[in-house]
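> Let's have the full structure, built from the sequences with the hints guiding it.
Take 1 as the starting number for the sequence shown in our numbering and just add one per residue.
None of these hints come from the bench; they were simulated from the model.
Values in this document were obtained by computation on a predicted structure and should not be read as measured data.
Mixed in with the good hints, there may be bad ones.
Keeping only pairs whose Cα atoms sit at most 30 Å apart, straight-line, the calculated BS3-like set for lysine-lysine is [what the hints assert, rightly or not]: (1) K147 - K92; (2) K6 - K40; (3) K115 - K144; (4) K92 - K34; (5) K147 - K40; (6) K115 - K147.
Distance windows between CB atoms, simulated [to be verified]: (7) Q112 - Y60: 33 to 39 Å; (8) L194 - P138: 25 to 31 Å; (9) I133 - A162: 14 to 20 Å; (10) Q112 - D145: 53 to 59 Å; (11) K115 - M25: 41 to 47 Å; (12) V23 - D145: 53 to 59 Å; (13) P26 - S132: 34 to 40 Å; (14) E4 - G86: 30 to 36 Å; (15) Q29 - V199: 28 to 34 Å; (16) V5 - R77: 51 to 57 Å; (17) V5 - N56: 23 to 29 Å; (18) D68 - L7: 40 to 46 Å.
Note that beta-carbon positions come from the ideal geometry of N, C-alpha and C, so glycine has one too.
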Amino acid sequence: MENEVKLASGAMVALGIATAALVVMPYLQVRDIKPPPGLKAYTSAQLRGRQVYISNGCVYCHTQQPRDRNFGPDAARGWGRASAPGDYFYDKPHLLGSMRTGPDLFNIGARQPSKDWHLGHLYQPRAYVPGSIMPAFPFLFTVKDAKDAEAEGEQPLTLPPAYGPDLGRVVVPTPQALDLVKYLQGLNHSYPLLPPLPVAASTPATAPASAPASAPPATPASAPAATPASAPATKP
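In structure tokens:
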């Protein structure tokens, strides 16, 4: 019985230490985190696109957490600076991801801001990135007659000839595709984490002190007049 009490007590102590280290301390560190000055809240369209991102499993192949330069070449790949807790202030839930089958998307809106590129890439990734293993998402688009699309005021995709539909038909994005692209365009964390330091007020330069006026040249002291040597005294 005594050993069982010791075992239970040790287990409770270990659980308490683990809870304090893994739950309480991290919570105390980030509970007062504020969003960086350059971070913008998601629009309603971007929030809808975020749900499309989640529902289609994009988080299983893409991360949103560039690593520090000391832990990987993420910055050299053009993925941006290392992320900080404040960058995820408006993300609920966080979409950090754990697999990098595709590139990190933390700054995809800065790297690739083109709406047309994103739409075409979603419809057929290999038309824009040869050899890509990303799956296509044709169900986010509608193929219809070009005349019908024009009559309805819809803007079709401009695809490479080898990947476009039959002649006279066009590919039109659905509202879900447009919302997803707006979310991807909004993933731009290229702002600085801290506001710039205030510039110190410049003090006017003081003119160098003028050299003292040169003193007039000293006149050489006059030599004393030579006195004639007195004649030696005559001996009486």
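> Just to be careful, I want the Cα atoms of K92 and K34 compared with a cutoff of 30 Å; is the pair within it?
holds, 15 Å
> Taking 30 Å as the top limit, are the C-alpha atoms of K6 and K40 close enough?
violated, 53 Å
> Given a hinted range of 14 to 20 Å, is it respected by the beta-carbon distance of I133 and A162?
holds, 19 Å
> Hint check: K115 vs K147, CA-CA at most 30 Å. Holds or violated?
Given that 30 Å is the threshold and the Cα spacing comes to 23 Å, the pair holds.
> Does 34 to 40 Å hold as the CB distance between P26 and S132, or does it fail?
Holds, since P26 and S132 (Cβ atoms, about 37 Å apart) stay within the stated range.
> Do the beta carbons of D68 and L7 sit within 40 to 46 Å of each other?
Holds - the Cβ-Cβ distance for D68 and L7, about 41 Å, lies within 40 to 46 Å.
> Lying within 53 to 59 Å: is that true of the beta-carbon distance Q112 to D145?
violated, 30 Å
> Given a hinted range of 23 to 29 Å, is it respected by the beta-carbon distance of V5 and N56?
violated, 53 Å
> Decide if the proposed pair is consistent with the structure: K115 and K144, CA atoms, cutoff 30 Å inclusive.
holds, 21 Å
> Holds or violated: K147 and K92, Cα atoms, limit 30 Å.
violated, 42 Å
> Taking 41 to 47 Å as the hint, is the beta-carbon distance of K115 and M25 inside that range?
holds, 43 Å
> K147 and K40 were given as a pair; does the straight-line alpha-carbon distance stay at or below 30 Å?
Since the Cα atoms of K147 and K40 sit roughly 39 Å apart, the hinted pair is violated (cutoff 30 Å).
Of the numbered hints given earlier, the model fails hints 1, 2, 5, 7, 8, 10, 14, 17; all others are met.
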